[in-house]
Amino acid sequence: MEKEQNSKGSAAVAFILGLFLVVFALVTLYLFVDSPRLGWWPPPPITSFGHEVDRQFFRTYVIVGAIFVLCQIALGWVVFRFRDRGGRATYSHGNQTMEVLWTLATLVLFVGLGVYAEKAWAEVHFIGASPGALKIEVQGQQFKWYFRYAGPDGKFGRVAPEFVKDAQQNFFGLDPNDPAGKDDLVTPVIAVPVNREVELLIRSKDVTHSFFVRELRLKQDAVPGLEIHIHFTPTQVGTYEVACAELCGQGHHQMRSFLQVMSDADYEKWLKEQAALLQ
Amino acid sequence: MASHESVVAHGHAAPTGWIRKYIFSLDHKVIGIQYFLLALFSVFVGMFLSLLMRIHLVWPNAKLPFIEGGVMTSEQYLALMTMHGTIMVFMVLTTAPQSGFGNYFLPIQIGAADMAFPTINMLSFWTTFLSLVVIIAAFFVPGGAPISGWTAYAPLSALGQIAGPGQGLGQTLWVVGLAIFSGASLMGALNFITTVVDLRTRGMSLMRMPLTVWAWFVTAVLGLLAFGVLLAACLLLVLDRVAGTSFFIPAGLVVSDVVQSKHAGGSPLLWQHLFWFFGHPEVYIAILPGMGVASHVLSNFSRKPVFGYRAMVYALCGIGFLGFCVWGHHMFISGMSPYSALAFSLLTMSIGVPSAIKTFNWLGTLWGGRIQFKSPMLFAVGFVSLFVTGGVSGLFLAQPSLDLMLHDTYYVVAHFHLIMGVAAIFGIFAATYFWFPKMFGRTMNEGLAKLHFWITFPGVYAIFMPMHFLGMLGHPRRYSSNENFAFLQPIHGVHVFITIAAFITIGAQLVFLFNFLWSLKWGKKAEINPWHATTLEWTVPSPPPHDNFEGHLPAIYRGPYEYSVPGMTEDYLPQHLTPEQAKAK
Chain A
1 MEKEQNSKGS AAVAFILGLF LVVFALVTLY LFVDSPRLGW WPPPPITSFG
51 HEVDRQFFRT YVIVGAIFVL CQIALGWVVF RFRDRGGRAT YSHGNQTMEV
101 LWTLATLVLF VGLGVYAEKA WAEVHFIGAS PGALKIEVQG QQFKWYFRYA
151 GPDGKFGRVA PEFVKDAQQN FFGLDPNDPA GKDDLVTPVI AVPVNREVEL
201 LIRSKDVTHS FFVRELRLKQ DAVPGLEIHI HFTPTQVGTY EVACAELCGQ
251 GHHQMRSFLQ VMSDADYEKW LKEQAALLQ
Chain B
280 MASHESVVAH GHAAPTGWIR KYIFSLDHKV IGIQYFLLAL FSVFVGMFLS
330 LLMRIHLVWP NAKLPFIEGG VMTSEQYLAL MTMHGTIMVF MVLTTAPQSG
380 FGNYFLPIQI GAADMAFPTI NMLSFWTTFL SLVVIIAAFF VPGGAPISGW
430 TAYAPLSALG QIAGPGQGLG QTLWVVGLAI FSGASLMGAL NFITTVVDLR
480 TRGMSLMRMP LTVWAWFVTA VLGLLAFGVL LAACLLLVLD RVAGTSFFIP
530 AGLVVSDVVQ SKHAGGSPLL WQHLFWFFGH PEVYIAILPG MGVASHVLSN
580 FSRKPVFGYR AMVYALCGIG FLGFCVWGHH MFISGMSPYS ALAFSLLTMS
630 IGVPSAIKTF NWLGTLWGGR IQFKSPMLFA VGFVSLFVTG GVSGLFLAQP
680 SLDLMLHDTY YVVAHFHLIM GVAAIFGIFA ATYFWFPKMF GRTMNEGLAK
730 LHFWITFPGV YAIFMPMHFL GMLGHPRRYS SNENFAFLQP IHGVHVFITI
780 AAFITIGAQL VFLFNFLWSL KWGKKAEINP WHATTLEWTV PSPPPHDNFE
830 GHLPAIYRGP YEYSVPGMTE DYLPQHLTPE QAKAK
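Protein chains in written order, with the numbering used here: chain A, 1 to 279; chain B, 280 to 864.
Wrong hints could be hidden among the right ones.
[Claimed, not checked] Label-pair restraints from in silico Cβ distances: (1) Leu31(A) x Trp297(B): 51 to 57 Å; (2) Asp264(A) x Ala522(B): 53 to 59 Å; (3) Phe303(B) x Val115(A): 51 to 57 Å; (4) Ser616(B) x Gln168(A): 33 to 39 Å; (5) Ala511(B) x Glu123(A): 35 to 41 Å; (6) Lys541(B) x Leu104(A): 55 to 61 Å; (7) Gln768(B) x Glu123(A): 31 to 37 Å; (8) Ala511(B) x Val237(A): 47 to 53 Å; (9) Leu31(A) x Ser535(B): 40 to 46 Å.
Just so you know, the hints here were simulated from the structure itself, not pulled from any lab data. Computed from a predicted model, the values in this text were never measured in an experiment. Think of the CB as a built atom: it goes at the ideal place given N, C-alpha and C, for glycine as much as any other residue.
Start from the sequences, fold in the hints, and give me the full structure.
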């Protein structure tokens, strides 16, 4: 009698647990598929690299999504199907063929996916910027971003820590005695011309920060003592938020700037305005 | 091993004084319970901190208890966040599954009277306790607790007070506390390894050990190799902070307009390498014991042998080994060589293989079973579900090109909370409900346990699943306020949802706490073997006597999971029964 009671209770729990797992998998699937409409999706990329990243994201998404949904539903079905119904469990220690099969299958699938992903990584990290790229220095500091342009002479002036004086707007520590630095432009936002390759020289003045623009699909730590180069070619005019993605202190969440992608004419105009402000 | 006599005099007699019995005890069972209680205290502290943070994120102007000034500031938020991570990772996820349950059950499951080094065992617990005191003390010093996160990236963590509030004495205490913790963990790891190698009873060959023992063993090896590195890293960081060295601080830093002229020549990336060389294996230190418990419990409540026992052992070892080869995936965007990212990426993808083997074998264990849904089983099934969910998102993060978008966002928060936080905690819950009768001689209330499960399981998914979407949107983690960025405005509702889910889920943990405390005194008396299980812990009284087997170490005749053996009346065949005794069953 007690056994029967147990089996009945067992059936109810098995049903609810199985149903929960299936519903959970399907709701998750729905939310992911519908997330662009719900606004839970990254904004469209503005570089060809960004599109490549999105394609790889999508491939991973389909494969991983299938694994996730199948595993959860399988788990839900198995706990329901093999609930205690008073019989005897199958006596089995496993199946060698299946072990080999699913080991090889996952190895090929996962490592294959990893190999596929390297294309986008190589595009941005193994191939340097072309010589004609527009060089801009990016500096993170607690809790601001500053950007430096070489100016009309095309040369960055010398900088040194002892010249840094935030109060006098010398955020980079430009050497006042170096003529190459006279025309350097220092700005709190970064403006770039559309369809031209940009090379960023990323540095930090104090602690580690991370330069992050969602639309570029790029994130790069600004590490004290290192100058790290990344490059991209934006293809969409617009204004995009720059965030800090590496914990840098109590103002981490305020470290906001803008990436402005402009037409050539607007960019030239912007440069002149900034130079005029400097005078 | 074969040379051991069947009767072994116990190394130390049962103590009679209260202090030697319950405080400075040498008994692995008492020490296991001490670790468990330390973790239980810590997990409620950690959860409370997270609740305060969740409230602040959605109601920034709320008056909060325990917060100086009432309304939380940005640095207070980051201090809570740092301490939440530190306490949860070290004091809960490292102590409860390994040092707590491992200490209690490993010697019994291999048929030993105690751990190999009882005094070191005691020392290891009290050193851990000291480290908890030192770390918690950071809250109460001038400047408060550190704000650099549980990863304490240099130079933020190395520069001292000038880098921010909490970066003075608070950060020093944090580093010293972690160094002490590392020492304690090294002692524990040595003890576990020696015990498994030397103290197995007659017939307990490696391939007859319960999978829990295998998991604790592999975890101990990881601990031995990883905590040494963390200890070294912490010592270097302390030196940078107090002795003016420059292991992690390069030349020419200007912090708040002050040139840091004392330092030159250090590398911030060195800290990251050392930290993650420890930090990634640490993830497995947290989750492997849970895998062992899941296998153990799934087999028992399915009344079936573990599917692919050997594959499970190899997968544990494989995960342990690969766990040391993948630390660089935490550093794809750190500025390390992009070529090394290739190797780290492919190695990380391949760690999915042993993980998948484990998942398929768990499904295989359930398949054809006669599943009984007792509370330990519910949490074990929950563990498998969470392990899959938290694991597959790793396949995104392991690809450097996708990590460029997802790194340091809420996606990562979702990923590691599900896999190393919640899944590991489900392992702890399964272990608690399963072994409580053995540990305390009483059974926990099954109704309350089920209520606990049915709120917690959907609850943790409600908290962490939406965070994937926040991360895909590019929401950076460790932001004390989301008000500064335009793109973070439309998702306020999601944050509110998460906070409400956190309230409910954390509330359900009070049900667990009540059930635990109530059952200690008023729970139903437990038999020796209430779950009809096969391993040695179920052959001794509940709770077991001082030296476990009362001087007569058992001999072992078969593997650990002989359930539903054909031709028998009973559906379980314990490891210690002789073939003759087995025939009679």
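Comparing the hints with the structure gives:
no.: 1; hint: Leu31(A) x Trp297(B): 51 to 57 Å; in the structure: holds (56 Å)
no.: 2; hint: Asp264(A) x Ala522(B): 53 to 59 Å; in the structure: holds (55 Å)
no.: 3; hint: Phe303(B) x Val115(A): 51 to 57 Å; in the structure: holds (56 Å)
no.: 4; hint: Ser616(B) x Gln168(A): 33 to 39 Å; in the structure: holds (38 Å)
no.: 5; hint: Ala511(B) x Glu123(A): 35 to 41 Å; in the structure: holds (38 Å)
no.: 6; hint: Lys541(B) x Leu104(A): 55 to 61 Å; in the structure: holds (56 Å)
no.: 7; hint: Gln768(B) x Glu123(A): 31 to 37 Å; in the structure: holds (32 Å)
no.: 8; hint: Ala511(B) x Val237(A): 47 to 53 Å; in the structure: holds (51 Å)
no.: 9; hint: Leu31(A) x Ser535(B): 40 to 46 Å; in the structure: holds (44 Å)
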